[in-house]
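J.: Single-letter residue listing:
There are 2 protein chains.
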Amino acid sequence: MSVNEKIVLVKRPEGMPGSADFEFKEEPLPVPQAGEVLVRTLYISVDPYMRGRMSAAKSYAEPYPIGEVIMGGSIGQIMESADPQWKEGDIVAGLWGWQRYAAASTESLRRIDPDLAPVSTALGVLGMTGLTAYFGLLDIGKPQEGETVVVSGAAGAVGMIVGQIAKIKGARVVGIAGSDSKNDYLTKELGFDAALNYRTEKDLKAALEMACPNGVDVYFDNVGGEISDDVLSLLNPNARIPICGQIALYNLEKPDNGPRMQTALLKNTALMKGFLVGQYAKDFGKALPELAGWIQSGQLQYAENIVDGFENTIEAFLGLFSGDNLGKQLVKVSEMTK
Amino acid sequence: MSVNEKIVLVKRPEGMPGSADFEFKEEPLPVPQAGEVLVRTLYISVDPYMRGRMSAAKSYAEPYPIGEVIMGGSIGQIMESADPQWKEGDIVAGLWGWQRYAAASTESLRRIDPDLAPVSTALGVLGMTGLTAYFGLLDIGKPQEGETVVVSGAAGAVGMIVGQIAKIKGARVVGIAGSDSKNDYLTKELGFDAALNYRTEKDLKAALEMACPNGVDVYFDNVGGEISDDVLSLLNPNARIPICGQIALYNLEKPDNGPRMQTALLKNTALMKGFLVGQYAKDFGKALPELAGWIQSGQLQYAENIVDGFENTIEAFLGLFSGDNLGKQLVKVSEMTK
Chain A
0 MSVNEKIVLV KRPEGMPGSA DFEFKEEPLP VPQAGEVLVR TLYISVDPYM RGRMSAAKSY
60 AEPYPIGEVI MGGSIGQIME SADPQWKEGD IVAGLWGWQR YAAASTESLR RIDPDLAPVS
120 TALGVLGMTG LTAYFGLLDI GKPQEGETVV VSGAAGAVGM IVGQIAKIKG ARVVGIAGSD
180 SKNDYLTKEL GFDAALNYRT EKDLKAALEM ACPNGVDVYF DNVGGEISDD VLSLLNPNAR
240 IPICGQIALY NLEKPDNGPR MQTALLKNTA LMKGFLVGQY AKDFGKALPE LAGWIQSGQL
300 QYAENIVDGF ENTIEAFLGL FSGDNLGKQL VKVSEMTK
Chain B
0 MSVNEKIVLV KRPEGMPGSA DFEFKEEPLP VPQAGEVLVR TLYISVDPYM RGRMSAAKSY
60 AEPYPIGEVI MGGSIGQIME SADPQWKEGD IVAGLWGWQR YAAASTESLR RIDPDLAPVS
120 TALGVLGMTG LTAYFGLLDI GKPQEGETVV VSGAAGAVGM IVGQIAKIKG ARVVGIAGSD
180 SKNDYLTKEL GFDAALNYRT EKDLKAALEM ACPNGVDVYF DNVGGEISDD VLSLLNPNAR
240 IPICGQIALY NLEKPDNGPR MQTALLKNTA LMKGFLVGQY AKDFGKALPE LAGWIQSGQL
300 QYAENIVDGF ENTIEAFLGL FSGDNLGKQL VKVSEMTK
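Taken in order, these protein sequences are the chains called A and B.
Here the first sequence is numbered in numbering that gives the first Met the number 0, starting from 0 and rising by one per residue.
Here the second sequence is numbered in numbering that gives the first Met the number 0, starting from 0 and rising by one per residue.
No lab work stands behind these hints, which were simulated from the structure alone.
Don't take each hint at face value.
No distinction is drawn between identical chains; accordingly, a pair holds when it is met within one copy or between any pair of copies.
Pairs of lysine to any residue residues, derived as SDA-like cross-links and limited to a Cα-Cα distance of at most 20 Å, are as follows [unchecked claim]: (1) K141 <-> T268; (2) K166 <-> S18; (3) K24 <-> R11; (4) K57 <-> N237; (5) K281 <-> D192; (6) K204 <-> A56; (7) K331 <-> G224; (8) K266 <-> D228; (9) K24 <-> A81; (10) K141 <-> Q278; (11) K253 <-> D228; (12) K168 <-> K201; (13) K168 <-> G34; (14) K266 <-> R11; (15) K201 <-> G224; (16) K201 <-> A60; (17) K204 <-> N256.
Owing to the predicted nature of the structure, the values given are computational and were not obtained by experimental measurement.
Produce the complete structure using the sequences and hints provided.
T.: Okay, structure coming up:
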C-alpha cells in the first residue's frame, strides 16, 4: 500500500504498438500537497486517441513524453485529502491516466455521484465518450428528421451513442462495424435501421447505396481510410461530416493515399470538420443531464467492455485496434469502498 | 440581324475539352413573349466551373444537355421589351450564356447601372466572381487580423479578389500562381505579402513554410491537387478551408489520388467546406456596395482579360486551363449603344 505502480511509454511505436513500447514502473506512493488529494484508481479508460499521443507528430495534444506515465481519463476514490472541500471516500474523475494511485490537484477533478449511475459511466456515456458523440453529432452533424446518418466505428464507444442520438433526432441511421454480432446488436438492441459489416461486404459502396437510398446527409467518421472513401461518394447536397477519429490510419507506418475528397465537398457544398470534445467544455453541464435523461427514459443504451486488473491495461489498449471490442473499453483496477 | 448565333455542346469532353466538343449554330432571332425581353449580348463570361457542367457527373448544377447552348453569365442590352418595367437600351446581367441574342424572362435579370462602373464588372468584381471571393472568404474563411491566408489560383478572377479582401481584413496574404509576372502583379500591385510560382518552385512545401512562418489559418482553395496537399500540411489549429474550385482536377480522365486530408483536419480541428455563391443570394445586396466601396477607395483592384469577338469564345474558355489568364476572362461580343 505504500507503493504506486504506473505504465510508462518507453519508446514511440512504429506502426502497430506492442507491449515492448511500454513498461510497468514502481515508485513510492505520492503525498498530496495542499489543494491535492491522493486517489486510488477504480477504472482506467483506454482510447484510440492515445495512439496519436504516443507519436512525436504535432497534433492537438502534446506527445506523451518518453519515460512518463500514459495520461488519460480515470475514475478513483479519494484516500487522503489536503483540500478541505474534498473528503476521503469521494468518487472523482480526472486525467491521471494509467497508474494505481495519483496525487491530483482538486481543480482538475470532477465529482461523481455513485448513486446516479455506475461510476464507470463517468468515463463512457456520461463522460468524454458520450460528450464526444453528443457535440460532434449535434453541433457539426446537425441531423434533421428524415435525413440519413452514417456512422463508422458504429459499435465503438462513441459510434453506438452517435447512432442512438441520431435516432432520437428522427434520422435514418446506418452503422458500419466489423462483425455480424456487433451489427445484430446495433440493429436489434439499439434500433439502427441498418448495419453493414465492412469485413465481409464484397462491395461496401454498393451495400451502402442500398442501405442509404436517399443518399448521406451526415457522416460521423470514426475510422477514415477506404470505408470513408465509400461513404463520401454518396454525399447529398449540404452534407456534414464530423471527423472524430481515423483509427484505420493510426498505425500505418507511411501516410496513406486515397481519392482526394475536396471535389466531393465542392460538388455537394458539404462541410467537413475535425473536432475535439474539449472545445465544448463550457456546455458539458448542459449536455450531461440530457444524456442522463435519455438513459433513464430508455432511449440511450450503452455497452462497456471491462477488463479486470491493472496488469491487463496494455492488452486492453492494444485490443482497440483489433476491432473486437463492443462499446467503451475500460480496465477495472480496484473496488470502490463504501 | 434576324439571325441568332449560339455555341452548343455536341459531346461531353473526356479530359481536356477541345473545340470539337462544341459547335456554332444559327437559328432565327427569338421573339420575346410577355414578361420577356430580347437582349443583345455585350459580354460573355467564361469560367472554370463550366467544365464541370460539361460532364454528366452529378453535381450542384445539372449537366449541360447535349445540343443545347452553354449557359453562364452574360451582360446585354435590351433591344425589345415585352415587359413594361424594362425598356429598350437598358443594360442587364443574366444567365443566357454563349449566344449573340436571347429572349430572357425579366425575373432572371439584374439591372446594371452603366454610370457606376464599366458594365463588364457586373460579370467580375461586382458580379459572381467578386461575390464568390467575398462570401467564401468572409463567411467560411473568416480571416482575423494577423492571421495567415493562403490562396491558390491567386492571379485568377476570384483569387486576386480573395487576397485583397484578406489584406483589407488585416491578414498576411500568400498567393500561389503560375508565373513570375503574375506574382509580381500580386505583390507589387495588389499588396500580397508573398507569392509563389508553383511551376518553378522546386519544393513548394518548403517555400510555403518560408512564406508562412506562423502556419496557415485560412486556405482559400481554387485549384486542388498537389498544391493543396502542400498547403494542408501547414494548417494551424482551427484553420478554415473554403473549397471554391479544383481546377487542377477538372480535366483528369481518372479520379486523382493523394494523401487523405481527414487526419490534417482532425489534428487541427479544422473546417473544410465546399460552397456555391448562390447560397448567399439573399446577402448579395449587402455585399455589392461593400465591394464597390473598396474599389472606390482604391483598396480593391481588379483585372479583366477581354477577348474580342463571339467567334473566339471557345478559345477563351479553353485558355482558362492553360493558366495564362490574369483575372476575369471575358469575351466582348458587341458594343453598348447610347
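J.: Next step is simple, just say for each hint if it's right about the structure.
T.: Against the structure, the hints:
1. K141 <-> T268: Answer is both; intra-copy 15 Å and inter-copy 17 Å each pass.
2. K166 <-> S18: neither (39 Å within a copy, 52 Å between copies)
3. K24 <-> R11: within (17 Å within a copy, 67 Å between copies)
4. K57 <-> N237: Result: close only across copies, 14 Å inter versus 31 Å intra.
5. K281 <-> D192: Answer is neither; intra-copy 33 Å and inter-copy 37 Å both fail.
6. K204 <-> A56: between (32 Å within a copy, 17 Å between copies)
7. K331 <-> G224: Neither: 32 Å inside a copy, 48 Å across copies.
8. K266 <-> D228: both (15 Å within a copy, 19 Å between copies)
9. K24 <-> A81: Classified as neither; 26 Å inside a copy, 89 Å across copies.
10. K141 <-> Q278: Answer is both; intra-copy 17 Å and inter-copy 18 Å each pass.
11. K253 <-> D228: For K253 and D228, the Cα distance is within 20 Å both inside one copy (18 Å) and across copies (16 Å).
12. K168 <-> K201: neither (31 Å within a copy, 52 Å between copies)
13. K168 <-> G34: neither (43 Å within a copy, 45 Å between copies)
14. K266 <-> R11: between (40 Å within a copy, 18 Å between copies)
15. K201 <-> G224: within (16 Å within a copy, 30 Å between copies)
16. K201 <-> A60: Intra 38 Å, inter 32 Å, cutoff 20 Å: neither.
17. K204 <-> N256: Intra 18 Å, inter 18 Å, cutoff 20 Å: intra and inter.
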